[in-house]
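Using the hints, position chain W against chain G.
There are 2 protein chains.
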Amino acid sequence: MKPQEIETLSFKIIDNEAQGHGFGPAEWPVVRRLIHTSADFDYLNTIRFHKDAIAAGITAIRSGKPIITDTEMARSGIRKTALVPFGNRVICRISDSDVADAAKKNGTTRALEAVNRSVPEMEGGIYVVGNAPTALLRLIELIQAQKAFPALILGFPVGFVNAAESKALLLEHDIPYITNTGRKGGSNIAAGALNALIILSMDKQL
Amino acid sequence: MKPQEIETLSFKIIDNEAQGHGFGPAEWPVVRRLIHTSADFDYLNTIRFHKDAIAAGITAIRSGKPIITDTEMARSGIRKTALVPFGNRVICRISDSDVADAAKKNGTTRALEAVNRSVPEMEGGIYVVGNAPTALLRLIELIQAQKAFPALILGFPVGFVNAAESKALLLEHDIPYITNTGRKGGSNIAAGALNALIILSMDKQL
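Quick mapping for you: the protein sequence lines, in order, are chains G and W. In terms of this note's numbering, the first sequence has 792 at position 10, counting the first letter as 1, and numbering is strictly consecutive. In terms of this note's numbering, the second sequence has 834 at position 52, counting the first letter as 1, and numbering is strictly consecutive.
Only chain G is shown next, with the shape it has when bound in the complex (with noise of 0.2 Å):
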């Protein structure tokens, strides 16, 4: 089997064994790509849409803003070439220098200080979180100080340690998020969310 008859297959295995989920025709591509991703159920039953949130994605993608992410591998999962003719850039702070400076200096972690970074390049644009509460609980403390003027912010971050709690922050504001209760998340999952977004902004019929 080619690689587009692989997806095709998979999708209809998942569409099959996620009957009756509820979702509608925006968000539906988005949850059943997690699946995909993950091959994880739990997501039927954990993802959250904020009301603006497919379409806060579709215009930041189409308007060519730029897309940051916490983590190298987010950064890589992300179909890049299906970008191109939009124009976004992706970009990730984390191994930078002066980051790393800053969060030795700061007592911080590097994820937050690479949130500190990026507040100007983050206007209009994506912020996806696939690894650290504290990239998202700052990302929430400057919008919510208006600093920062993300489009969308996708929550995603995973482990035992306050990341459930970040995202259970997140769903009490008015910023348009895709998140997901509980522990799990990811940086794959994360990209899998901006990428069924990019294949959403390809649809010309949206």
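Read the hints as simulated data drawn from the structure, not as lab findings. All C-beta atoms in this analysis are idealised placements derived from N, C-alpha and C, irrespective of residue type, glycine included. A portion of the hints provided could be inaccurate.
[Unchecked claim] Using C-beta positions, here's what the derived DEER-type ranges look like:
| # | chain 1 | residue 1 | chain 2 | residue 2 | range |
| --- | --- | --- | --- | --- | --- |
| 1 | W | G806 | G | S877 | 31 to 39 Å |
| 2 | W | Q801 | G | Q928 | 42 to 50 Å |
| 3 | W | K887 | G | Q926 | 51 to 59 Å |
| 4 | G | Q801 | W | G964 | 16 to 24 Å |
[Unchecked claim] Taking lysine to any residue pairs in the SDA-like style, the calculated list, with each CA pair at most 20 Å apart, reads:
| # | chain 1 | residue 1 | chain 2 | residue 2 |
| --- | --- | --- | --- | --- |
| 5 | W | K887 | G | M783 |
| 6 | W | K886 | G | T790 |
| 7 | G | K794 | G | A808 |
| 8 | W | K862 | W | E789 |
| 9 | G | K784 | W | K886 |
| 10 | W | K784 | G | G889 |
| 11 | W | K862 | G | D878 |
| 12 | W | K862 | G | R875 |
| 13 | G | K784 | W | G889 |
| 14 | W | K862 | G | S879 |
| 15 | W | K862 | G | A882 |
| 16 | W | K862 | G | S877 |
| 17 | W | K794 | G | A946 |
| 18 | G | K784 | W | S877 |
| 19 | G | K986 | G | R844 |
| 20 | W | K784 | G | D880 |
| 21 | G | K862 | W | R875 |
Same frame as chain G, now just chain W:
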């Protein structure tokens, strides 16, 4: 909390929730890291170790043998800085132009052709599969035919078409492997397994 404190606390939580797991002292750090990476305790029940896997992995890393991945995401997720003292290269051929050409010409996948192209490099090294069943199936085929000689396979293809089947086939062979049963897996999981082996390799008591 600093990153190291977050990791320590996370491991404590996992140790606590997975009490009575029955894994030995060499295997548990690998299983625990997969759970840490995914927040998915399914790996407690689904991970499988060939009896020589841990020793083969540590020897390959300490000998500076190449580490080859099937995806750029897995390559991104590997702690390359920690490998510097050992001198291992981390290679991913999925984006090589000759790999894409061969896949097109032969009607195969890039992941399979990347395996073919990596045969000389994988001798004594570790092949890390985080996505493509076709890569894992081709590896098994080449090893059985005594045409490829990796020291260890980390086999974690994910998905709905041939992922579980390719891993079940790996389990039937006397090839050092770490893998899991079922559909789950991914580049994050594969990189996590390799990172656990790197940390074991740094332990002078082993």
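For each hint, the structure was consulted:
1. W/G806 with G/S877: 31 to 39 Å: 35 Å, holds
2. W/Q801 with G/Q928: 42 to 50 Å: 47 Å, holds
3. W/K887 with G/Q926: 51 to 59 Å: 55 Å, holds
4. G/Q801 with W/G964: 16 to 24 Å: The hinted range 16 to 24 Å holds for G/Q801 and W/G964, with Cβ atoms some 21 Å apart.
5. W/K887 with G/M783: Holds - the C-alpha atoms of G/M783 and W/K887 are around 14 Å apart, at most 20 Å.
6. W/K886 with G/T790: 19 Å, holds
7. G/K794 with G/A808: Holds, at roughly 17 Å.
8. W/K862 with W/E789: Holds, because 19 Å separates the two Cα atoms, which is no more than 20 Å.
9. G/K784 with W/K886: Holds, at about 10 Å.
10. W/K784 with G/G889: Roughly 7 Å between the alpha carbons, so the hint for W/K784 and G/G889 holds.
11. W/K862 with G/D878: 16 Å, holds
12. W/K862 with G/R875: Holds: W/K862 and G/R875 sit about 17 Å apart, inside 20 Å.
13. G/K784 with W/G889: Status holds; Cα separation ~7 Å.
14. W/K862 with G/S879: Cα-Cα ~16 Å, so holds.
15. W/K862 with G/A882: 17 Å, holds
16. W/K862 with G/S877: 12 Å, holds
17. W/K794 with G/A946: 17 Å, holds
18. G/K784 with W/S877: 17 Å, holds
19. G/K986 with G/R844: Judged against 20 Å, a Cα distance of about 11 Å means the pair holds.
20. W/K784 with G/D880: Given pair W/K784, G/D880 holds - Cα atoms ~18 Å apart, limit 20 Å.
21. G/K862 with W/R875: 17 Å, holds
In this structure, none of the earlier numbered hints is contradicted; all agree with it.
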